[in-house]
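For the protein sequence lines, the chains are A and B, in the order given.
With this note's numbering applied, the first sequence closes on residue 485, and no number is skipped along the way.
With this note's numbering applied, the second sequence closes on residue 485, and no number is skipped along the way.
Calculated from the structure, these hints are not laboratory results.
Beta carbons are placed, not taken as given, at the ideal position from N, Cα and C, and that holds for glycine.
Do not rely on the hints blindly, as some may be mistaken.
Stated by the list, open to error - What the simulated footprint calls covered on chain A by chain B, stretch by stretch (three residues with Cβ under 8 Å from a Cβ of chain B suffice, anywhere in the stretch; the number is not a length):
id	stretch
1	190-200
2	218-226
3	321-329
Protein chains: 2
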Amino acid sequence: MKAITHIEQSLAAALALGEAPGCPPKLANAVRHAVFPGGARIRPQLCLAVAHACGNDDPLLADAAAVAIELLHCASLVHDDLPCFDDAPTRRGRASVHWAYGESLAVLAGDALIVLAFQTLGLAGGQSPKRMAEVLGVVAKGVGMPFGIVAGQAWESESRVSLTAYQRAKTGALFVAATAGGALAAGADPKPWVALGEWLGEAYQVADDIRDVMADPSLLGKPVGQDLALGRPSSAIDLGLGGAIAYFEKLVQSAIDSVPECTSREAMRQLVRQESERLVPREACDKFRHVQAVQGDTSSVKGVAA
Amino acid sequence: MKAITHIEQSLAAALALGEAPGCPPKLANAVRHAVFPGGARIRPQLCLAVAHACGNDDPLLADAAAVAIELLHCASLVHDDLPCFDDAPTRRGRASVHWAYGESLAVLAGDALIVLAFQTLGLAGGQSPKRMAEVLGVVAKGVGMPFGIVAGQAWESESRVSLTAYQRAKTGALFVAATAGGALAAGADPKPWVALGEWLGEAYQVADDIRDVMADPSLLGKPVGQDLALGRPSSAIDLGLGGAIAYFEKLVQSAIDSVPECTSREAMRQLVRQESERLVPREACDKFRHVQAVQGDTSSVKGVAA
C-alpha cells in the first residue's frame, strides 16, 4: 500500500473513535471537514519514513504518532483560520471550517482534534507504554509552550519577534516532532533525526512565505498576500523574493545533507527533494530568476506583492 | 499539607514546564491568568480524594491526573468565554482571558492548556506507563468527542438537544474523568467510582443553572442570566427555580449514596456535602422556599430572571 493511502486509512480510523453515535453531528462534520480531504500529509509521511528507517518494530505506535501529528496540524489550521487570526474563508481550496460551520464549531473542532491526537497516542501504547509516553512527550513539545506551534502562533501577538524563533516554533517544531517521534516510535535515538525536522520545517515556512507573495491561490489553497496584509514576520518580505528562494534552496540542501546513515537514506533524501519541488516548483523559481535577469529587477517583495 | 495547597503547587509546577525562557510572554501570562487564581478546584480535589480512597500507591500519577483535569477545565472556561460563545467579560470575579489578552491569545491559551494537560500526564508514567495510558484514556474521553466537555459545548450549536445528554457531556464527563481517573491512577477498578462522578457532575450543572438565574454575580464570578439570554438548555428554565433546587438536592443525595465502600467513605461523603453547600448554599434555598410559601408564588424561572 502506498504510504499516503495508509495514512488516510489511519486518520479515518482515528476519527471513527470520536464520531461514535451520540456525538453532536455538526461537531463530527466540522472535525471531518478539517481532516478530509487533506493536504500533502507531509508530516505523517515524514514520521513514518523515519520510523521505517529505524526498523519500525512497533508499527501501531508509529502510525499513532503520524496520525497525532497530522491531527494536531489540522487543529492548528482550523484555529489559525479563525476571524481573530487570518479570517481565511478558504483552506485547501474550499471553505475553511469556521466559514462552513461557524466560529463556535471551528473552535471546538480544533479542541476536539487536539484531544483526539493525544487519545490516539494513548491507545497505541499496547506493545510499549513507556515508548508511547516518550513519543507523547516529543509530540506535546512540538505543539505546546514554550517552543511548539501554539507558541509560534502566539509570537504574532508580540511586538518584538525574532524571525528564527517564530519560524522554528510556528512550523519547525511539528516537523521535529515528526522526525523525532518517528524515531522514538521505533525505539531509536531521536537526536540524529532532529536536524532533518528543523531544516525541513524552516524550509516549509520559507516556502509558505514565498507562496504567500507569489500570488497564485490555486497553488496555496488559501488567500495570498496575508503576511504583508497582517504584518506578520516573513522571510519573503525580509529577504525579497529572490533572496527567499535562494534561502529555501539552501535549507532543502541542508535537510538532504542531514539525513543520518540508515538503510533507506536515499529514499528519505528523495522524499525531501520531492517535497521541496511540490512546495516551491523549480520551474516557478527559474521563471522568477529569468524575469529578474531580463528586467534587472531589484524590487523588493513589497513591490511584487503590492 | 491541605489538599487545596497541594493542588495549587502541582498546578504551578505544571505551568512552569511551559513558561520556560523563550516562551512568548503574553501567551505565558494568558495561560497563568487562566489558571491562577483558581476556583474551588473541585475536580482535582475529587480526583485526589478517590485516589486516596483507593490506596494512592502512585501519587505522582494521581497528582498528574488531578492537574490534567483542572488544566482541561481551565481551557474549557477560556474558550467558553470567547465572543463566539458566551462573550463573557468576567470569570472568577475578574477579567476573562480574552478580555484581558485579546481573542487570539485566548484561543491559543486554551490550546496550550489542553496540550499541557496531556504532556503532564505523559511525564507521570515513570512508575507505571501502562497505568498512565489508562488514565490518559479516561481523561481524553471526558474532554473530547463523542461524549466529553467539547461535545457538551457543541450541543449548544445543535437545534435538537437532549438536556440530559447535554449536561452529561458538558459537565458530567469531566467529573467522571476525575473520579475514574483517580481510581485508575491508584491501580483500582474505576467502575464503582463512575456513578459518583455522574451524579456530582449533573448536580454541578444544575447548580450552575440555578446560580445563573439567582442573579448574584458575586456568587458566580461571571455574568448572570446567560442561559436564558443565549437560549441554552437549562434545568432552572425547564423545571422552574423551585423544581431545580429540589432536583439539585436529589442529585447530591444520590452522589453521597453512590460512594463505594472504602476506608475514607465518610470523608468522601463529607467532601460532597461541603461542595454542594458551596455550590448552592442551603440558606439561599431556604430563603427562596420561604418567599415562595409566603407569596404563594408559582412563577416560572423565566419570570424570576426577567
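These are the hints, each one checked on the structure:
1. 190-200: holds (count 5)
2. 218-226: violated (count 0)
3. 321-329: With 7 residues closer than 8 Å to chain B, the stretch 321-329 of chain A meets the three-residue bar; holds.
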